[in-house]
Amino acid sequence: MKLVVCVSHVPDTAARIKVGSDGKTIDPAGVTYIINPYDEYAVEEALKTKEKLGTGEVVAVTLGSENSKETIRKALAMGVDSAVLLRDENHRDSFGVAKALAEEIKAQGSQLVFMGKQSVDYDNSIVGQLTAELLDYNCVPVCVKLEISGEKILAEREIEGGREIIETSLPAIITCQKGLNEPRYASLKGIMAAKKKIIEEKTAAAYTPTSEVISMHLPAGKQPGRIVGSDAFAVPELVRLLREEAKVI
Amino acid sequence: MANKILVVLEQREGLLKRSGFEAASTAVKLAKDLNTSAEAVVVGDLISNLYDISKYGIRKVIHIKKTELTNYSSSGYTEAISNLAKEGDYDILILSNTAFGKDLAPRLSIRINAGCVVDCVKLNLSSSEIIFTRPIYAGKALVDVKLLSNKKVITIRPNVFKAQVVENPAAPEIVVKELSEVNLKSKVTAFKKSAGKLDVAEADIIVSGGRGMKGPENFHLIEELAEALGAAVGASRAVVDAGWRPHNEQVGQTGKTVSPTLYVACGISGAIQHLAGMSSSKYIVAVNKDKDAPIFSVADYGITGDLFEIIPALTNEIKKVKQS
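Protein chains in written order, with my numbering: chain A, 1 to 249; chain B, 1 to 324.
For the record, the hints were derived by calculation from the structure and aren't laboratory data.
Don't take every hint at face value.
To be verified - DSBU-like cross-link-like pairs, simulated, lysine-lysine; straight-line CA separation at most 35 Å:
1) Lys202/A with Lys146/B
2) Lys29/B with Lys197/B
3) Lys192/B with Lys152/A
4) Lys185/B with Lys247/A
5) Lys282/B with Lys222/A
6) Lys152/A with Lys50/A
7) Lys29/B with Lys48/A
8) Lys247/A with Lys17/B
9) Lys52/A with Lys69/A
10) Lys197/B with Lys214/B
Here the structure is a predicted model, which is why all the values come from computation and not from measurement.
Modelling step: build the complete structure from the supplied sequences, incorporating the hints.
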């Protein structure tokens, strides 16, 4: 079975975000890019699934530009067999991403696809469902437990206050959440091997944008508040402020 | 009538969820501005509080009734609601950005050929065009977005838009739609409630602990304070990664983004990814021994000192004022 894992190249969560000169995207100066943290769970799950099946191939698919190769190498170093870079130098909305991924998944003939539950840049968390709809696949978003036997899928997904137990079947897209597994570290051997693995490059499938970013701005800064005290004697005053000033308790 | 709006309500165990009322109020207001009407749909079996929706100004509810759809089914719900949206000629669909809304909204948008914008915190009408504001990078920045399609599917962030009770609500017209067939390619067979009493994503008050708690054995202090406040327990990434707390409690960029009324940060220094996830809380209290910790830059009230003395004192004081 061919397993596809979609990975994206995003600013590090420790990055400070500044608005770029176009007023619509971030200023990339000084920003470190990393593999999207949730995609690491997707890579791990794909590798685990292949190991369990004892056969098959894991292909990483990334939409992006030359810089994204760094993230692809990271996935290859973890153990992914090969990779495809769908090239587009421009930012795409979620529909554009889904369109490109769906076309590639179709070309790969993959029945089981993994990706992170959301990328930590645009935080849309809808690409998995959109891609699944375009392909008429099932989709388990925000997956924290997965069992596959034959065509059958038994999964758990995180929702407010607990977990939903979901029964579905292949073909399917699983979007992965922290807790699903413990992503492996790339071994030195893996890192060396990754350098030799092939990254196939293609032009990402064309699409018609459905949305447009008009402007990007930073949230209004918060004024630092008041230090009420430096020990437990300050507690009654804190509680008084919460009751009388903030009126929250 | 053009631009008719449909609110997609969420029910669990036959009860409409409160977040749907926020979506209803938002839809009613938008309908007024666009000079159209807002209606609602709910899928499920018996809904015990269905009439409550009229309090928020919705006059017509379509109840898609099917025993097999008592629990959520992404395939079944998508099919039923998208068919209704097409037949009923709705141009705008509004959902709350809960796990349910986030799953359903993109699927519906593909089915009805609409653009989709999720997790909106503001809707602005400018010369009949709707401008949506939504946070990105977990709230480190915001974007204003417009949808280029005529049809639109929107999700709104819970706890941001008000559920506004209208004066003299009229009894709603309830249209029951029976389905002959359902698509159950994917279905929820059970729900496992998590051990914690309250989920950070839904809580009005959150008490979070960080590395300053020094070990998982000290988190009973956080739990006791949370209990006194009726709050959910949250955690920083550091303590989740260390295995002290479960990941569903994690607040921050790779955890949950929250905006409760009150957020109490105990022993959390305030890494940028944590601040991104909670700094839109209405009031923030920080307890930390390091007076230079970045958490104090977003806190409304702070105590610099030993949290092992301060937290129990705070728990006691809150119990005391709540009893009086």
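Structure-based check of all given hints:
About 30 Å separates the Cα atoms of Lys202/A and Lys146/B, which keeps this hinted pair within 35 Å; it holds. For the given pair, Lys29/B sits about 34 Å from Lys197/B by alpha-carbon distance, which is consistent with the 35 Å threshold. A hinted pair counts as satisfied when its Cα atoms are at most 35 Å apart, and Lys192/B with Lys152/A qualifies at roughly 20 Å. At roughly 49 Å between alpha-carbon atoms, Lys185/B and Lys247/A are farther apart than 35 Å, so this suggested pair is violated.
Under the criterion of a C-alpha separation no larger than 35 Å, the hint pairing Lys282/B with Lys222/A is consistent with the structure, at around 11 Å. About 16 Å separates the Cα atoms of Lys152/A and Lys50/A, which keeps this hinted pair within 35 Å; it holds. Distance restraint check for Lys29/B and Lys48/A: the Cα-Cα separation of roughly 49 Å exceeds the 35 Å cut-off, and the hinted pair is therefore not satisfied. For a cut-off of 35 Å, the pair hint linking Lys247/A to Lys17/B stands: about 26 Å separates their Cα positions.
For the suggested pair Lys52/A and Lys69/A, the alpha carbons sit about 28 Å apart, so the restraint of at most 35 Å is met. A distance of roughly 23 Å separates the Cα atoms of Lys197/B and Lys214/B; the hinted pair therefore holds under the 35 Å criterion.
In summary, the structure is inconsistent with hints 4, 7 from the numbered list given earlier, while agreeing with the others.
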